[in-house]
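Chains as they are written, first to last, in numbering that gives the first Met the number 0: chain V, 0 to 339; chain S, 0 to 164.
Hints in this document: simulated from the structure, not taken from any laboratory.
For clarity, every value in this text was computed on a predicted model and none was experimentally measured.
C-beta atoms are modelled at their ideal positions from N, C-alpha and C, and glycine is treated no differently.
Any given hint could turn out to be false.
As the list claims (entries may be wrong) - Taking lysine-lysine and the DSS-like style, the derived pairs with C-alpha atoms no more than 27 angstroms apart in a straight line are: (1) V:187 with V:177; (2) S:131 with V:145; (3) S:131 with V:45; (4) V:57 with V:45; (5) V:85 with V:45.
What the hints assert, rightly or not - Cβ pair distances, simulated, as ranges: (6) S:65 with V:45: 26 to 34 angstroms; (7) S:5 with V:6: 15 to 23 angstroms; (8) V:337 with S:95: 37 to 45 angstroms.
To be verified - Covered stretches of chain S (in silico footprint by chain V; criterion: 3 or more residues with CB under 8 angstroms from a CB of chain V, positions within the stretch not fixed): (9) 10-23; (10) 125-139.
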Amino acid sequence: MLGPLDPLINFILEPYFFSPFIYPGLTIGLVVLLTLIWAERKMAAKVQLRYGPLYVSKQIGGALQMIADALRFFFQEPIIPRQVDKIVFLATPALALTVTVLPFIFIPAAPSYVGVAVSYSLPLVLALGALIPVVIILMAWGANNKFTLVGGIREAFMTVGYEVALFISAFAAALYYKTLDLSVMVEKQASLGLPGIIINPIAGFVFFVAMLMASSKLPFDIVEGEQEIVAGPFTEYSGILYGLVMGASYLYLYVLMLVFVEMFLSGWLPVIHGLGSIYPALGGVMLFVKTYILLLFAVFLRGVYGRYRLDQALSLGWRRLVPLSLIAALWSFGLLIAGV
Amino acid sequence: MSPSNSVLEEFAYLALSLIALGSGLVAVSTEQAVYAAVALGFTGTSVAGLIALLGYGYVAAFHLLVYVGATVTFMVFSVVMMRQEPRLMRSLATVSVLNAVLLGLVFYMIAVSTGIGGVLPSINIDLGRVAKEFIDDYWFPLLLVVASLATIMIEGIVVARGEKK
C-alpha cells in the first residue's frame, strides 16, 4: 500500500529534513510552544491565586486555550499601519522565525543523530542565534513607531549585555571538553560519568542566566515590557504576524535550552534502550524530557520574579556575569592543568 | 560529488554572491544608518555562506559570530547612541567611483594572473598544528597579545564598575 509513498517517507525520515522540521525542530517546537505558554500562564496564575486559562476545555484545565489562541491568530486580519516600511514590516517576522529554526539543523537530537554533522556545532548554533537581535532591531526600525524604537534600542542594549557572557561561558565549558562539537560534549560527559554542571557549575549558571536574557524571558523581558512599551518591537504586529514573532522568542529559548542540556546535563543520557532501534531520533527522548522540565522552570520564574530595569540587567551582565564567565574559563583551564 | 549536488552548490554560490553584492550596494547607498548596518549584516552572512561553500565552515561560523552578530548590533547601538547619521560627501563621490573602478581592475588582474576558472589548490588547515607553532615559535608575541587583551578586558570591567560612583 505504501509503495508510492516510500520515497516521500524516506525523505521525511532523513536527518537533514527530520531534524530541522520534526524533532527537535519546528513540529516539536510548535508543540513545546503551545504547551509551554499554557503551563506558563497556569503556573503564574497558581502563584497569584488565580485560575489562569480555564473556559476553553474546562475538564482539562483549559489546555486547549492555546490552540484556540493559535487559530485566532491565523484568522485575524493582520493590520499594516500606514507609517511602516511595508517590505521590512512584512519580511522580518518570517525572517526572525527562519533564523530561529536554522540552529536545529546543527543540534544533535540523539546519539549519532544530527541534521548536518559538523565538528563546530556550538559556535555555529551561537552564531545563528546572534543574527536574531539584528532582525529584531530591523523589525523595530521598520515599524516606525515610538514604542517599537524604544524596544529596538533596548534589544541592542540587552544584546551587548548578555552576548559576551553567553559566549564566554559556552566556550569555558567547551575548553574543558576540548571540543566544539555538541555530540562529543555529551560523549565526554558519559565517559567522565559526571554532567557538565558538576564539572563547571559557574559556566552552567552564567549560561542559564544569559540564556534567559537572550530569549527575553522574565525577569528579563525588558525588550517587550508590556506595561511600559506595549510590546516593544512587536507593538504594531497583529494576527499571524504577531504569532510568528511571539513564537520565535519561545523557540529561541527552546534552542538554547537544548544546547544547555547537551553541554551541562549530559544531553540524551541515560539512553532508553530499544527506542533508538525503532528510529534513531527516538534515542533522544531523555534530551527532550530534560529540556522540557527546564523550560517549565524557566517560565515558572515569571511567577516569582519582577522585571529587571534595563540598567539593572546591563549591570548584572557586565559586572557579574562577564567576570563570572571569565572565572568559569579559568576554572576549566585549572581543571585541565590539574589533569582532573 | 553527484551532478545534482554540484548544480545545487553552483546555484547557492550564485545566489549568495548576488545577495552579497546587492546588500553591499544597499549598505553604501541607503540614507538610513540602521538599514545600512543591517544590509552590511546581510553582506556578512552571504560572505560567511561563500566561505562555508569553499570548505572553511569553521571560519564561516566565526565570521558569522563576530562580523555579523556582534559587529552589526554594536554598529546599530553606536549609531543610535551617538545620533550621528553618516552622510555622503558629494566631493568624495567621484573619488569613490574611481576607487571602485581601480579596485575592480586590481581584482581582475589578480584573477587573470592566477587563471580564471582554474582549480586553486586546496589548503587543509590543522588548527592544532597552528596553535602548537604559535606557542613554540611565537610565544613572546603571543604572550604580549594575551596580556594586552586581558588588560583591555580588566579595564572594561573596571570602567563598567566605576560608573555608579
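Inset, instruction - Tell me, in ascending order, the numbers of any earlier hints that this structure violates. - result: When the structure is compared with the hints, numbers 2, 3, 5, 6, 8, 9, 10 turn out to be violated.
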